[in-house]
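Given the coordinates of chain A, assemble chains B, C and D onto it according to the supplied hints.
Chains as they are written, first to last, in numbering that gives the first Met the number 0: chain A, 0 to 232; chain B, 0 to 223; chain C, 0 to 247; chain D, 0 to 42.
There are no misleading hints in this set.
Taking lysine to any residue pairs in the SDA-like style, the calculated list, with each CA pair at most 25 Å apart, reads:
1) 189/C - 137/C
2) 118/C - 93/B
3) 223/C - 71/A
4) 134/C - 184/C
5) 223/C - 238/C
6) 118/C - 90/C
7) 5/B - 124/C
8) 189/C - 43/C
9) 147/C - 23/B
10) 147/C - 67/B
11) 102/A - 3/D
12) 181/A - 54/A
13) 128/B - 196/B
14) 5/B - 90/C
15) 102/A - 4/D
16) 5/B - 166/C
17) 102/A - 11/D
18) 102/A - 31/A
19) 118/C - 77/B
20) 102/A - 10/D
21) 189/C - 233/C
22) 118/C - 83/B
23) 223/C - 73/A
24) 147/C - 222/B
25) 147/C - 127/C
26) 181/A - 37/A
Hints were generated in silico from the structure; no laboratory data involved.
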Amino acid sequence: MPQQNNGLLRAFWAVTLLALAAAVAVLIAYTPDEATMGPVQKIFYLHLPLAINTFLACLLVFVASIGYLWQRSVWWDDLAVAGAKVAVLLCSGVLITGMIWGKSAWGLWWTWSPRLTFSLMLWLLYVVYLTVRASVESGQRRAVVGAVYGITAFLDVPLVWLSARLMPDIHPSSITLSGEMKLTLALWFLPVTLMTFGLIIARFRLNRIIRDTTDETQRGFEPVNLHVSEGIA
Amino acid sequence: MIRAAKQSLLIAAKDLRIESRSRQTISLVVVLGILIVTVLGLGLGGQRPDGPAATAVLWVAYLFSGVLCFEKTMAVERQDGALAGLLLAPLDRGVIYLGKLLSNVVLMFAVAGVITPVGILFFGFDLSKAPLGFLAIMGMSMLGFAAVGTLFAAMVSSSRLQGGLLAMVVFPITLPLVIASTQLTSRLYQGDETWNGSAFAVLVAFDAIFLVVSWLAFEWVIEP
Amino acid sequence: MSTLATQPGTASTAPQTPAALQTISLQKRIDDRPILRDINLTVAPGQYVALLGANGAGKSTLLKILATLIPPSDGRLMLFGETVGWDGWAARRRIGLIGHQSMLYRDLSALENLIFFGKLYGIASSAARAVTLLKAVDLFDRADDPVKSLSRGMMQRVAIARALVHDPELLLADEPFDGLDAPSCRALEKLLAQLQQAGKTVVLANHDIDQSLRLSQRTVVLRKGRVVIDQPSQELTPPAILKEMERA
Amino acid sequence: MTGTQYAMAAYIAGLGLMLLYGLTLWVESRAVAHRRRKDQSEK
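Bound-form chain A, shown alone (with noise of 0.2 Å):
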């Protein structure tokens, strides 16, 4: 069976770098510069899948910490640290491409503007739910507690960005988009949406496979700690 499943996931990789390869070569080739800000807005095509990704990445933690308190199966919780992680890689990117952005257009690197609280606020509250599970021992206690945190987490991004809103906004808010540029933006969610399940799936089959060693290892020999090497990472 893994035979098998080695060659579809090399085949999806492959799909994916040739997306982003087709969608980099678009945007340098094809997407003109917009007008008051110039080449810089360009990491809009990058910034705002990124920020959508995360969303998902997010939704996907919720889910499968209702999946687990609701089935008890250990299965969800390896796909929610999967999700949040990936999520918090994903937040990170949001991050930094807004701080560029922002460094370009304003000269700052950081402005408590709407946009960029929310994403810190949203990459605290994963980060926190990854730190949260490392330090229990316990493996059903941290199941529980993640499970628990994940839902409560999400539950609280809509008013993290409603209190993201009521910061002082020092920016214009969303900019016109021509032809052009609304397409290089479709072009560019295909790539970074393959890539984001693409990492989740692997980080999960991950979580799958160390469970399973340390199961074995655990039955017969001195119990070898693969967690440790789960960690942050």
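Relative to the frame of chain A, chains B, C and D by itself:
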């Protein structure tokens, strides 16, 4: 329904009696609150901070002392396995949550009742302009904070962990509360009369959502 | 010492009383690792059952499930003929539990603890009930001292009083003799025997094999989450049980 | 730094992060697979 209310009052009364008996948490938490207000006040250069800075100082003191209260009221249950005795009683576990929430809110108010005058004394926050407004905003914020804190205190403490974890878990989730309440209080004291409806909406929504969610989730989380 | 049970001889009244407790292919998994595998146990009212097993055999997990503190992963638990539902708090009115922890609030006095739990169970005159119980366990003179000032033996007696405040028909004891000195052990043994004569069902999880055989009518031995022995106590000898417990 | 250089930096950072994580997962999965094969051969 009335029985459930009576039972949660009973649990809260028991917590407060234990607290009044040992007074160990209250003194510890009040001293910590005063310490935080002093450190932050001096950090701000000791001169009279304006509205938002004042509320920020008070907020940090309330949050940290609040987290300590949540830990203590849960530790009391864990000490000799008394929680198993509670879970054995023929009552719905949501009642236990409401009882603990009530005692946590009362403790937080008691602590805030001591810290706020200290803040006023040291830094001359003039709450006189709208004390009731301040009280209402802080009250609602503390309720939302205690709702989340009580839920996570039940989980985190049951894995016998160090103190810092509960604060780390509760703070990011309650960030919207902090932003909304500081916006409201600073608007209250900046004098511009425009009432910030959306900030108030965030406060009310937070309390509503997290009181219900925590009350439901408590059932899944509490184990002897 | 007046008997602890208020109504004498509850067992004999109902004609065909349903089993005090029955588990139907009960299973418990923690982190997907099986702790209890397919437990089918039936205990008639008024029986004194000892539960033995090495550490990790699933003894206290089984007891926690019987006490409805934690839900089983699979299978069903029936108490007094009724299946225990998902939250099962109706059946709890008829269960009492004592463990190696006192399950009391150490800052409150013995009397306050009993009154609190009495009110929680909705006992009408919880104060009077608390006093009678404290007298029954010979601790009335220490009623107002905080529990933390009591010795381990006394604390265990207050714990028994707390477990009996709502006069349960089923008493579960999870290694209650741990850390008790000889006189307290004997006092606790007498108390449990007395309860059983008063018609209560007692399930005692214990380490000490000789003590369990001496006290109980029937012995159930667990190994790796399965029942390996379930026989009347007088038919069993400590070496036989030990051999069964240690088998790989 | 011109606008285009900032944009390039952002893309390198954003995409680099994801591809780097993919790489660490790949390395970790090979290490685990290797350890499993070693356990199997020892049994």
